[in-house]
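Enquirer: Sequence:
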Amino acid sequence: MTGLETFAWVEVVTDPESVARFADAELDEVRVDAPVMPPGLESLRAERDAQRGREGFGALAGRDIVYLRRPWDEDDEPTVYLMEIGPDGRRVRQVELAPDGSAVRSGPDDWAFNPPVVDLFDPALASQEIGRNEFEKQWAAADGLNQSVSTASCDCR
Numbered sequence: 010m011t012g013l014e015t016f017a018w019v020e021v022v023t024d025p026e027s028v029a030r031f032a033d034a035e036l037d038e039v040r041v042d043a044p045v046m047p048p049g050l051e052s053l054r055a056e057r058d059a060q061r062g063r064e065g066f067g068a069l070a071g072r073d074i075v076y077l078r079r080p081w082d083e084d085d086e087p088t089v090y091l092m093e094i095g096p097d098g099r100r101v102r103q104v105e106l107a108p109d110g111s112a113v114r115s116g117p118d119d120w121a122f123n124p125p126v127v128d129l130f131d132p133a134l135a136s137q138e139i140g141r142n143e144f145e146k147q148w149a150a151a152d153g154l155n156q157s158v159s160t161a162s163c164d165c166r
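Each residue of the sequence shown is one higher than the one before, counting from 10 in the numbering used here.
Please note: incorrect hints may appear among the correct ones.
Claimed, not checked - Listed next, with one range per pair, are the computed distances between beta-carbon atoms: (1) A150 <-> T23: 32 to 42 Å; (2) E35 <-> P125: 17 to 27 Å; (3) A107 <-> V39: 18 to 28 Å.
To be clear, the hints were calculated from the coordinates, so they are not data collected in a lab. Using N, Cα and C, we set each Cβ at its ideal position, and we do this for glycine too.
Model the full structure from these sequences, guided by the hints.
Expert: So, in structure tokens, the structure goes:
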């Protein structure tokens with residue numbers, strides 16, 4: 010079992026160049042099968058164990074590209090994000106659909122940083138998957154981040 014399958018929300022870095030950058034950082038190594046985990050990892054392992062038996066667990070993992078429709082209601086107005094996600098859980102492209110029908114597209118050049126935004130093993134994501142055609146249709150209709158906002162209509166429910 011890999012670290013990704015053992016812990017929720019963990020990124021496993023194997024790229025030699027990335028690993029070499031931290032060679033002198035005195036980072037602790039952790040065996041994923043160890044009976045006791047350092048602080049922080051135990052809860053992530055427990056979360057993954059709870060997910061493992063649920064329908065949809067890992068359904069999106071291992072794919073080159075995944076398309077998701079994710080609601081975001083932490084702001085004053087609920088927004089829906091259509092996201093094209095790479096195999097590492099990072100956004101490749103996204104379309105923000107506002108309640109007023111406006112749509113804005115953005116990509117990596119528009120973001121200051123791009124950490125993983127989803128855990129592709131999470132079983133809750135399976136119900137948020139959409140098809141490529143739906144994403145591409147909204148991408149084509151949306152304005153770019155630095156353009157005026159369009160009034161393209163969208164059934165965002």
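Enquirer: Taking the hints in turn, state whether each one holds.
Expert: Do the hints match the structure? See the list:
1. A150 and T23 have their C-beta atoms about 38 Å apart, which keeps the hinted 32 to 42 Å range intact.
2. Take E35 and P125: their Cβ atoms lie about 24 Å apart, and the range 17 to 27 Å holds.
3. The hinted window of 18 to 28 Å between A107 and V39 is violated, with their beta carbons roughly 42 Å apart.
Checked against the numbered hints above, the structure violates only hint 3.
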